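*Asks:* Okay, here's what each chain looks like letter by letter:
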Amino acid sequence: MKTKFYFVAKLLLAFTLVFSACTKNNNSDPIVDINDVVVINEGNFSSATGSVSVYNSTKKLPTLGVFEVANGFPVAGTIQNMVTFGDSYYVVTNASDKVLRVKNTDFSLIKNFKNEGGNTNFTNPYSFVGIGNKGYVSNWGTYNSSTFAFENGFITVLNLDNNTISAKIPLNGQPQNLLVFNNNLYVSLAGTDKIAVFNTSTNTKIVDITVGFGADKMLLDKNNKIWVLCGGGNLVRLNPANNTAEQTFANIPVSGYNEKMVLNDTKDKIYWLTTPFNQPCKIFTMDITATNIPTNAIITRDNLYGVGIDKNNILYVGDSKGFTSNGVVYRYDAQGTFLDQFNAGIAPNGFIFR
Amino acid sequence: MKHKKIIFFVGKLLFPSKKIPAFICFFWINSQILFGQNLKNDTISQLQTIEITGEKWEKYALASKKQSIDSIYLAQNPTQNVGDWLMHNTPAYIKQYGNGMLGSISLRGTGASHTAVIWNGIPINSLTLGEADFGNIPLNNTQKITLHYGGASAWQGSEAIGGAVSIDQNPLWNHQKNITLRQTFGSFGQSFSQIQSNISLKKWEFQNTFSRNFIQNNFPFYNKTQQNSPLETQQNASWFQNSFTQDIYFKPNKSTLFALKSWGQMRNLHIQPTMSANQDQSTWATQKDNNLRVMLDFQKHFANWSIFVKQAYLYDYLLFNEQQTTATHRFVSQLKAEKNIKNITFQFGANNTLIRTNVDAYNAQIWENRIDFFAYFLYDISKKYQISINIRQNIINQNFTPITPNFSQQYFFIKKENQIFSLKNTFSRNYKVPTLNDRYWAGSQNPNLRPENAWSGEVGAFFYQSFPKILFTLEATHYQMYVQDWILWQPQGSIWQPQNRRNVEVKGAEFSFKIQKNMQNAKNKDLDFAISCQYAFTQSLNRENVESTVYYLDKKQLPYTPQHRWNLYFWIKYKNVFTNISYQHTGERFETLDNVNTLLGRLEGFQTMNWNIGKNFFWKNSLEFSLDFQIKNALNENYQNYLFRAMPLRHYAISFANPIILKILFQTLAVFDL
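Top line first, the protein sequences correspond to chains A and B.
Just add 3 to wherever you are in the first sequence, counting from 1, and you've got our numbering.
Just add 31 to wherever you are in the second sequence, counting from 1, and you've got our numbering.
Bound conformation, chain A alone (with noise of 0.2 Å):
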């Protein structure tokens, strides 16, 4: 009994020496430097856990927290994307709804694009997209728990040049995913089977395209033609020339909500997380030319949450613990081989590579 508690003891001064390692790690230089992985981690929703980790993939180190290292205090929030544009990240949060602009070299607070001064700016934003000087957030609105549905989304515009908040466009459906091509602005409205295309001169609508229901992740591929997953199963690609659906794959395995989507360096391969109910979660992965669905995973793996693939073809895999404890990143070869995993924080949930 006696040996095994000092082993214990042991064990636990031993984590302790190196995770104080770790935190107190890379204080002087600037911290991406070093670090050519940014790891997003969701965090809990009920105490507000997000944060922000970097690897360094030369010497495999994870570091945790940089964001609280930068900036003295922790994002405070579930961070459901975060992107990076400009010299900027922009860190999208909800339980507190707001936009973190911090610079991409050290994670240094830029702006804090929150609700004050009586305005609503953000309820439950979700995703960003920048083009010029304007910034875009999709907000889902505020949640009606007798409907168990989102109601009055919008999207706020940001003014990137003087950080200010400069318009809200309102929206019918719960705005989820924007991407921008050819100065238009494509919005995805999860709860509708349609994609809404604006105007960014004039923030005003051009057209509606129907995709399939639950219309999720949108990337834009090296023909640039756009590529959208569904959470009602479908995956199509559309042409932004005329603004129509192309080609339709039907009932394929998705997640249902919050798809996670990627295209590789070269944007002709995307790969997608799927988190079938009572299964273990499954990675997909389709060339943009293929005509068939792939039928096999590539990955096969409990409470997975965030995929990504950085310029070497190496598979970044977030996996939730549930939600428990902290997080764990795996790292695959591109056909799925496993090579080697590192610690991040709670619920990694996507990743920005340099």
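Among the clues, some could well be false.
[Said to hold, decoys possible] Taking lysine-lysine pairs in the BS3-like style, the calculated list, with each CA pair at most 25 Å apart, reads:
| # | chain 1 | residue 1 | chain 2 | residue 2 |
| --- | --- | --- | --- | --- |
| 1 | B | Lys370 | B | Lys331 |
| 2 | B | Lys285 | B | Lys208 |
| 3 | A | Lys197 | A | Lys137 |
| 4 | B | Lys90 | B | Lys370 |
| 5 | B | Lys255 | A | Lys106 |
| 6 | A | Lys114 | B | Lys255 |
Keep in mind the hints are simulated off the structure, nothing from the lab.
Computed from a predicted structure; not experimentally measured.
Based on these hints, arrange chain B on the given structure of chain A.
*Replies:* Only chain B this time, still in chain A's reference frame:
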């Protein structure tokens, strides 16, 4: 009818809300008899002499540790809730989601739904959540609260894995008629008013309380989630709570007792947001709670046997954000008999609970019937050695849950009037059935869910010595527990679903001592004091069979389960002046199961201390007025009990009991009316 109008007017003055005078009248019709009677008050000294008869199961739990609330603590902290008492006076840890907000318990390292709350012998935990909100059980309308440590499923059924908290009301039969009025004003717009009356006649007794507690709760705090931790004012945290209890006892003869007990409560709560959302109005939420508990109790005692019959109705209603309703009705019937043959006492009976729900989140209205059969057996083998064997079987909709045996024994090495030394030992199996939410939440139902199952054992030593000047009590307990199939809600794709996920190994030790003045042969009766101290060490380790990754989760302490807790309680009284201090220290807690020591992962230990000082004034012997000044969080600790939920810094309250002017008013009323 004239007096009723005046009463209505007084009620209006005290309680400006529209709905209340009806309650008041109800209350007063029973109480009017006291006008013109000799108004004698339950001061501290009298409270101590109250004789309380315990619930009938307690004697079978002979080896279990238990702790009742100190009558002085109860009298002097009327604005506190049961969670505050547990936090400051016991080793149980209460996770508080803000000041006066949800308080969920962790007793002996178990979860919030592993402690049963028992009102006069009937479990009252929420059927939907399986736990009690200790922030919503006020101290002011209770007479006796007891914390029972360790598994008690044999006596209390589901959820009594870590232990049980019992709230009991009993007749006093002290032939007194008294009324107490209390008023407290505190920091952050707190106002508490209460009327309490006891009328004890030859065959009848009436006990009533009515209280209203309101707090604006706009306390300042340092917002650690913002740049430079600015000092902010807490938003959206105000609440009020109206509650009443009314107990009527009728004793037609010495061996028969009828009781009608009721407890009603309504609360309107703005849910204190996390620090990060303090200015974020769109995320704020509200909650309304209504609870009604009514019980008809009948006891009949014969030469060497007794019967007990209970019939109760419990209604719990919760409205979240003015939108989502969660309501349950419970009809409880209990029949038990106890027989005594020489040195053997045994009890057996059955308990039937019929449940009906009205929950928006379920697909349909649920009807459910639960029946429990139980038998307890107590054998005094000798004057020094007792054993008890207890067993309970619960059947839910014709499905058997685990059978829960309990074996307890106690041996007295010394059993003298001035000295007691005993060793106690108990083994038990305890369980928790999945909650209604676990089983019926639309889209998340898991048909394979099993009841949580726990095995536990403990040994305890008890020592008591009465010295000429002081009384000394010392108790030490060691326990071990293994909880299997602990239910956790886990993401299953886009849906969260309850699963029998976790196994937990708990090991712990508790120490307590109490030193009290020996008043029996004290020369100086003016001075009285007591000091008590408790320490608990709790190792509650995850044994979930998890995949080994970069975080090692095996044998890690469960989140929000402090390893160390200790508290100190001290009171002293000299003539009419009294003061008391309650202090507690809670060790570090972790936010996640990996116990990683980061800014977000680890919450530092904290201490809080409350200090009361007061005086009782007498006027013409029969009229009394007491004044009490309280400093809460006297050490001005800037702490977080739950991550990013603000708690107030040092704050104050002043309490009056029995204001003379009101008493004169009531006496005048009595002259006019009776």
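*Asks:* Holds or violated: are the alpha carbons of lysine 197 of chain A and lysine 137 of chain A at most 25 Å from each other?
*Replies:* 24 Å, holds
*Asks:* With a cut-off of 25 Å on the C-alpha distance, tell me whether lysine 370 of chain B and lysine 331 of chain B pass.
*Replies:* With Cα atoms ~12 Å apart, lysine 370 of chain B and lysine 331 of chain B stay inside 25 Å; holds.
*Asks:* Sort out whether lysine 255 of chain B lies within 25 Å of lysine 114 of chain A, counting only the CA atoms.
*Replies:* 18 Å, holds
*Asks:* Between lysine 90 of chain B and lysine 370 of chain B, is the straight-line Cα distance small enough, at 25 Å or below?
*Replies:* 14 Å, holds
*Asks:* Measure nothing beyond the straight line between the CA atoms of lysine 285 of chain B and lysine 208 of chain B; if it is 25 Å or shorter, mark the hint as holding.
*Replies:* 21 Å, holds
*Asks:* Does the structure keep lysine 255 of chain B and lysine 106 of chain A at a Cα separation of 25 Å or less?
*Replies:* 21 Å, holds
Violated hints for the displayed structure: none, as all numbered hints are satisfied.
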